[in-house]
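Fit chain B to the known structure of chain Y by using the hints.
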Amino acid sequence: MAQPEHLLYSKEHEWVKVDGDTATIGVTDYAQNSLGDIVYVELPKVGGKVEQFGNAGVIESVKAVSDLYSPISGEVLEVNNALDADPAAINRAPYDEGWLFKVRLADAGETANLLGAADYEKLATL
Amino acid sequence: MSVGTLRRTALYDEHVRLGARLVPFAGFEMPVQYSSILQEHDAVRRDAGLFDLSHMGQFVLTGEGVAAWADTLAINDVATMKPLQARYNIFCNEHGGAHDDTIFYRLDGRWLLVVNASNAAKMWDHLNAHMPFSGVGLANHHGERALIAIQGPKSVAMLAPHVRADVSAMKYYFCIEDEVDGVAAVIARTGYTGEDGFEIFVENEHAPKLWNDLLTRHAGEGLVPCGLGARDVLRLEAGMPLYGHELTEAITPVQAGQAWALKLRKPQFIGRDALAAQVERDDFSRIAGLVMEGRAPAREGYTVWHGHRNVGEVRSGSFAPSIGNKNIATALLQPAAATVGTALEVEIRGTRHPARVVALPFYKRST
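Heads up: the protein sequence lines correspond to chains Y and B, in order.
Quick note on the working numbering: the first sequence kicks off at 1 and runs consecutively.
Quick note on the working numbering: the second sequence kicks off at 1001 and runs consecutively.
Simulated from the structure, these hints should not be mistaken for laboratory data.
No experiment lies behind these values; they were computed from the predicted model shown.
Ideal Cβ positions, reconstructed from N, Cα and C, are used throughout, including at glycine.
Using 30 Å as the maximum straight-line C-alpha spacing, the simulated DSS-like pairs for lysine-lysine come out as follows: (1) B/LYS1326 / Y/LYS45; (2) B/LYS1082 / B/LYS1364; (3) Y/LYS63 / Y/LYS102; (4) Y/LYS63 / B/LYS1364; (5) B/LYS1171 / B/LYS1209; (6) Y/LYS102 / B/LYS1326; (7) Y/LYS45 / Y/LYS102; (8) Y/LYS63 / Y/LYS122; (9) Y/LYS49 / Y/LYS102; (10) Y/LYS63 / B/LYS1326; (11) Y/LYS17 / Y/LYS49; (12) B/LYS1122 / Y/LYS63.
Only some residues are given here: those of chain Y computed to face chain B with a beta carbon under 7 Å: (13) GLY36; (14) ASP37; (15) VAL39; (16) GLU60; (17) LYS63.
Pair by pair, the computed Cβ-Cβ distance ranges are: (18) B/GLY1019 / Y/LYS49: 35 to 45 Å; (19) B/GLU1221 / Y/LEU77: 48 to 58 Å; (20) B/THR1339 / Y/GLY116: 53 to 63 Å; (21) Y/ARG92 / B/ARG1265: 54 to 64 Å; (22) B/VAL1023 / Y/LYS17: 27 to 37 Å; (23) Y/ALA2 / B/GLU1179: 45 to 55 Å; (24) B/GLU1205 / Y/ASN113: 48 to 58 Å; (25) B/ASP1282 / Y/SER34: 44 to 54 Å; (26) Y/ALA2 / B/GLY1019: 13 to 23 Å.
This is chain Y alone, in the form it adopts within the complex (with noise of 0.2 Å):
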């Protein structure tokens, strides 16, 4: 899956599609095939805020708990609670239908420190 040319990337892979003075964030293909078939998510609380780079949740393969980190700072206005019975959502389809959570903006300039997709597509074919 080629990295969508309209989002931004951080080095954690996570995608944040900014709207606005909101955003969309997830996991990248790059992601959800690296953990394998994902079976559980904690994502951040309605109402709560979450750090550019600092700790947003946590995703769980079958083998493993990974930690989830936000990519950029924000309120977090809204999560995909389908996940909860659907977590094998994310793994489908990283960019759509297994979108994480949504957050109102802190600071649009922080996307000054995330990748485009060039720049994403080099770190995530290593």
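The following block gives chain B in isolation, referenced to the frame of chain Y:
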């Protein structure tokens, strides 16, 4: 990470060709998965899966004294094994803790002892340290013989065309010495998945062709290669102990629910007195099965609570597709908390999640 001097089984090239994700395991580079752990798990429960187990230790024991000698080192009966019988057995230390759980195979003119890959060196040293003056010969074939397992309800149908003897007539935990696709093999009706299946021992040089022929011939019927990841989910669902988790140098067979394999009428074997005393006192912490109520998996090391009391820790845990997609676990628990039906909590990242003690095994095949 340095891979150092990792060994490879005779099937390494096949794993690479199949796109396996390889990981270091007990000193070998082994496939943890080929496609997905859950898909491989489902294939074994529904059709059949093929496993490379060539990393496990294989020792060949010869001589008139083998059975009597083995009976002084392991807890289950060896001398009473019939020709071509296979039997689960556990070697213990003086305190009754487990050195390893193993399978003995009584073959023609020799015995085969298969040990866990992670304990191969320890067990080789242990056997050698207790060699009698005469009557027993030992040979270490670790890494020199291949072991391929086919496991699943279609195992008989898939293996039968490759073997002259009638594998469907084989009793559970018995072997034949025959040929598979024209090469000499020991075939045992044994396994570690809770499904019907066979474990096939062949010389390394014949393993790749056999592996590929089985996959090519039976892929259309659902046979897939399966890695160690799926193997672990399958064995946990089937309530089978994994050394290092439910059995350790500090966890005895009695604690691990394997007292059925303990033959105290044998007058003398390492650990006998400690195990007899443990059975007598019945006050020991023990392995219990847990089912989590919620979606968060329990993992090894998590604390288990019974009300306000810390009653033990999780030893193995996994998402379990065959148990209604629930999360299951084994835990070593204080006896009062280990009764079937007890409501407990597993602490996951500082929060306590409800669970209940259930009888093992979690999963039993219907046929």
